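Colleague: Go ahead and model the full structure; you've got the sequences and the hints to work with.
Residue numbers (the numbering used here), protein chains in the order written: chain U, 102 to 391; chain B, 102 to 391; chain H, 102 to 391; chain L, 102 to 391; chain C, 102 to 391; chain E, 102 to 391.
There could be a bad hint or two in this list.
If several chains are the same, the list does not tell them apart, and a pair holds so long as it fits within one copy or across any two.
Result set (DSBU-like, lysine-lysine): computed pairs, CA atoms no more than 35 Å apart in a straight line [said to hold, decoys possible]:
1. 276 with 231
2. 335 with 231
3. 344 with 276
4. 342 with 295
FYI, nobody ran anything at the bench for these hints, they're computed from the structure.
Here the structure is a predicted model, which means the values were calculated and not measured.
6 protein chains.
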Amino acid sequence: MTETAPFGAELPRYLVDQAVREALQEDLGLAGDITTDPIIPHDARGAAAILVREPARIAGLDLAEATFRALDPQAVFTRIVQDGGEAEAGATVARIEGRTRALLTGERTALNFFGRLCGIATLTASYVSKVEGTGARIACTRKTTPGLRALEKYAVRCGGGVNHRFGLYDAVLVKDNHIAAAGGLGVALEHLNKRAGHMVKIEVEVDTLDQLEDALRFPVDAVLLDNMDVPTLKTAVALAKGKVLTEASGGINLETVAEIADTGVDLISVGALTHSPRNLDSSLEWVRTR
Amino acid sequence: MTETAPFGAELPRYLVDQAVREALQEDLGLAGDITTDPIIPHDARGAAAILVREPARIAGLDLAEATFRALDPQAVFTRIVQDGGEAEAGATVARIEGRTRALLTGERTALNFFGRLCGIATLTASYVSKVEGTGARIACTRKTTPGLRALEKYAVRCGGGVNHRFGLYDAVLVKDNHIAAAGGLGVALEHLNKRAGHMVKIEVEVDTLDQLEDALRFPVDAVLLDNMDVPTLKTAVALAKGKVLTEASGGINLETVAEIADTGVDLISVGALTHSPRNLDSSLEWVRTR
Amino acid sequence: MTETAPFGAELPRYLVDQAVREALQEDLGLAGDITTDPIIPHDARGAAAILVREPARIAGLDLAEATFRALDPQAVFTRIVQDGGEAEAGATVARIEGRTRALLTGERTALNFFGRLCGIATLTASYVSKVEGTGARIACTRKTTPGLRALEKYAVRCGGGVNHRFGLYDAVLVKDNHIAAAGGLGVALEHLNKRAGHMVKIEVEVDTLDQLEDALRFPVDAVLLDNMDVPTLKTAVALAKGKVLTEASGGINLETVAEIADTGVDLISVGALTHSPRNLDSSLEWVRTR
Amino acid sequence: MTETAPFGAELPRYLVDQAVREALQEDLGLAGDITTDPIIPHDARGAAAILVREPARIAGLDLAEATFRALDPQAVFTRIVQDGGEAEAGATVARIEGRTRALLTGERTALNFFGRLCGIATLTASYVSKVEGTGARIACTRKTTPGLRALEKYAVRCGGGVNHRFGLYDAVLVKDNHIAAAGGLGVALEHLNKRAGHMVKIEVEVDTLDQLEDALRFPVDAVLLDNMDVPTLKTAVALAKGKVLTEASGGINLETVAEIADTGVDLISVGALTHSPRNLDSSLEWVRTR
Amino acid sequence: MTETAPFGAELPRYLVDQAVREALQEDLGLAGDITTDPIIPHDARGAAAILVREPARIAGLDLAEATFRALDPQAVFTRIVQDGGEAEAGATVARIEGRTRALLTGERTALNFFGRLCGIATLTASYVSKVEGTGARIACTRKTTPGLRALEKYAVRCGGGVNHRFGLYDAVLVKDNHIAAAGGLGVALEHLNKRAGHMVKIEVEVDTLDQLEDALRFPVDAVLLDNMDVPTLKTAVALAKGKVLTEASGGINLETVAEIADTGVDLISVGALTHSPRNLDSSLEWVRTR
Amino acid sequence: MTETAPFGAELPRYLVDQAVREALQEDLGLAGDITTDPIIPHDARGAAAILVREPARIAGLDLAEATFRALDPQAVFTRIVQDGGEAEAGATVARIEGRTRALLTGERTALNFFGRLCGIATLTASYVSKVEGTGARIACTRKTTPGLRALEKYAVRCGGGVNHRFGLYDAVLVKDNHIAAAGGLGVALEHLNKRAGHMVKIEVEVDTLDQLEDALRFPVDAVLLDNMDVPTLKTAVALAKGKVLTEASGGINLETVAEIADTGVDLISVGALTHSPRNLDSSLEWVRTR
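Modeller: Dropping the structure here:
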């Protein structure tokens, strides 16, 4: 993962700034921090540390830093670990020095971002470690928190996972309801064959081996093998291998992911990575007032 | 809960519209739905149903409805259950009729909102049922998803919980880092006594009985009894009862909440309600193409 | 007031930046400053001073500074007086050095903010000085200029006043129309008793002593004694004292405020502080071109 | 004025919608109306009336209507008087029927707009009536409330006044600081003569008759005669009449405006129309609950 | 093209609304339409027609309709031709009835959108007709007008062309500067091979046959054959055919496009479609005042 | 032109920032630059140059600089030529040093702005040179790209042209459809005479000499002589000269503009300057990786 940090796709800066601005507005409203301002002098300075309370794959330090610096542009934020790196329970991952008011006011917003993104990265890393050596990659879905998709997909990358499409706009995925509404898989794929853009990949969801065979008659790039049991999945992978990418999905969890990976499937997509991660337990510890 | 629906605080309409608009922009980008549009005629119409796949406390139907109607202003959305109501596994909670493209394009966005809000409401309802009859109320915190605080706090209300403050601006809560940075609880409370607004409530976090006694010397409205074991909590409640509201917090879960409630504490705040809910499993089932 | 400056609630920085950005866009449009740009070279530099032409309580220097620095990030803004401080007629309160174009282009926007906020602070200070020694505090209301509430409430604090609630969301105030629409004060308060948040204060507007007695039967935090004559007000305060906060409102002006305060009421709210202040007379004087 | 209503420049609809949306967000925050929602059933309906408590020139009904309809799109708003019309003390100017919650929640926002705009229109009308028969017109300035310029200039038109430029972008006005910074009036006007757009009018501020003679050597459209006593103003008007528009400004009030107008000046600009109007006293009276 | 209309990818509605809102704000500013409003009564109604003055492929009627309906929600907009359809010089393509002010105020904004989008669609259609029968498709690029990319790419589709990637985010295109900065094509493709998402296509720009052979050693989906003469292009296509999509680009115009297409290349991308189209000559003709 | 640069109306900074922010969001989406990030290390630095490939009048360097600095605030942008200056084919007009990722990611956005604005400036300069010595000035119109009007009008100024009105709000222009809808020129001008603001210029479009004579009976500032042949135009200019500004428009091109100018007309407005400029051919050449 160390290599990923310098090379991996950056989280666009404007997304970080926008997310932080909106989160701070949500927390400060019109009156601001009515606890901190009356008790801390305007020019007091202090130092604090961000700690994780459980083993963690780190993601979201850009957001924590941007939160504190939005409140104090001169704040100094020092990273001990980088996004994509790992930390033991109790480890300090970053230190912040700056105006005391900024540290106290920004604490919750910074940790809300950090806890959620580390939660996703850590969960993703658990899945990734379960499939190590199998060739299967762990992918996320569009089951993300509204408004946070770019951040959550970035956290998946920090956890060693890969991103499926970002939205309805950047890849074609024909699902059960499309097939039902279009009146059949063939009809749908014929239309797409004529009209889909040449720089766009096409994937089809199939539930049975029959559907898989139907799908393979068309020039698709990938098949989503949905909710198949392991033996069926193996057969499906055998049928599709070498022709299209294979992706397994549906009810996969940390107990079952390894045997799914052993089927030889290329990708395993897990909605829970982004829709139901447990927040990573982290805190801001006060270091000193100066 | 039936009474809550007609009387409870509404989710301001502008928040619903804004959340839906941003979520759809996130999913549609500039190219739109490149799967649906090529395979479904512009004027095709259809019907679908929203189902829950597990027992649920419902929240977020406004967001689902607004999603489909943003894509088809003539879509008809019929609720079988209301927000705050309950549904069995497999139950249909709403039906939608409208342009087929709108139904297919809006499916994931609608379910992303609905699944998260039902997840929160259902988890809240579990806690509420555990403390039934004790007089304790279940409260949420500021550990919410950035950008979704209003929605998530609304879901807590749908689950029968109560909202703690919405942000740094609407109530005072003096926490450990404030005390550390200010140089002591007494210093902090003296400042607040002089400067806090007359329409604002003040709460203080205390970790020990000594701190509690300190806090009770000041005109505060509530004390947050943080991470106390049950016997200590009982003593603390006895000390504070009749003087200030008492709130327990810290590492409370579905196993421990009942004995916490039995201490006679007024409120039990649970960060996990909003920071780590499991998404409720739900789906959009295709009913017919017309 | 000197103590207030270092400790008082800050005006959140994002509100300052947003207000200044919108005001400059309003004044510059698409063509920019078509008077200044053609007559002043791009790189000309100058210095100017902000003067008050009448005795003033100062508020709004953050906005003036942000205006000039939005137009010239290198501009140097030096404060002679701080927000919350006082200035004699003719006094210079701040100096600005920077690009001449920025000084001339920003002049009106800076003074529009500064004049309005000083007007409010100065008017508030007049009321505060009238009630000195009585224990009564002067409060503002929600009768603010749409879009400027946070700024205007900040100016009230600079004038030594206190802020009533910031909006419909941070405290409960049951007024005449609520009582009329709900079908009586008792009905309204019973509902609130069950449903209002535990961190929210409740105030009730009463016009008569009978209504006051009704209100005191419920667990409210404050009563708004509306449009009572002085003897009635005295009786009302006597009834409520020690039980709830008392607030007088309705047609109070600089002539009557002292006798209102003498009734022993805790708070006197004055809508005119924010809805009808006279702009403070101020100007930007050119110091030199360099 | 009756003629103005059907023909006068409309307040662009998008400005009304934007102002109302921002004002409601300011008042509702994330929690919404925590007084009204718990005490009024979701589906309760009612009727109310907007009254003026003093003689008024009406302005701002579009904003009041848009406020209530933003909260209840089915609300019916009926105007008894139109913008630009007049109302006696105690008169009802509009009636609203709709959801009770919408009426109670929108009351303050609607009246904040309405009171300010009527205040400006009524003050403008006072000035206009003082100069009736003289040929002089009453004009506003750029001394407006940040963010509300379009609304306030519209209110001036409703009061029978005329609008000076809307911003730095739509007309040239060379003021004292421009002349100081540019190094003289001649320098400034030579530059403008070469570079100002052909569809843009040019006005110059002059303090003395000498400056006026200087200005008249250049092709300007208007002169702003600043702070001149009445005899000087008369001489200035005589010098300029027939060549350029003449505008008087500086410390003009309701006592002095008539004699200023008698000098024959074309326009009299009054900053106080928009920077220091007294809010018109108005209220929302409850009519019935249904 | 008739088939495209009912099936082709929709222009997302929110993009239409946003573009129209911004364009109207740009044209109306704060004062609104100061020509129309003083001369046309508020309630006057009229009818007008949109005509093309030269043969046209139509695109952009959604934007014209949305413009008029933003100004008059009751306006009736009737299409004679659909987007993607063709019109002769002088043909009426749509009729509008509504408030006269709305028709006059919206005219220029509606035609600015319509003229630009028809210009792009018509130019695209010219290229498409030149390559008819060859199997080559005409594609656009990212050389679009900032802020209008979605609209311009939609117009290309209306002209019968296909869209290349929408941005930096939905497909990989390795260009000369990437290769220079990365230190060689091989280095770049090895990195991408490890890190590009599985649902993303990869294209490489090559200038020579040697570079093409290099590129074909990697698992790429398409090659951009840049600025090759026709014989080289033929060789390149022969080398790549059956392995990857081939795309020609660089200095292609209406004179040369047919011989480029005859090389058998799959796609021909033309930046001028969106960066330098001539506006289609169109007008709003007044039909009647009613 | 050298003099224009230091003195001409600036492009307001907020417009530059806003245009660049929106353009980058359009190009980066949620995933960012998925070509550059995987192949270029995070901390790699490089240098590049902006070249023009044909003779150019330069405009838009502020936008190019702001694009790169939005992606790398430490990037150094050095101008060889200024806006309003000229460059030969092949000339380097600016150099950029900074993070390699920022240079590669910003390339297309920077050139999209630069190419369009230079295209407009260069086309304007061609017209200006054709009328040199005649006294006629070249003006733009409101036929601009939606959303880019301020930028395009600035480019016209860089090309030596003058700006006509910026929108419907800053000058009156009575056109054919106004006359038709109002029921005659006289009716329209009488209304305007009573209601137009005193700081606003009025222009009337006339198609015939009869209409011109009608128009000259009213106090208008300019006449737009639309689509007149050269002899008629000469007569019209003779009639109007000394009374009002004269402007020719309608189907003017580089072949005909000189003889139009020879008629003595004051202004020649050319819609094609902004609605149909050819993008200037420019490129970003890689200089070195460091």
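Colleague: In ascending order, which of the hints set out earlier in this document are inconsistent with the structure?
Modeller: none
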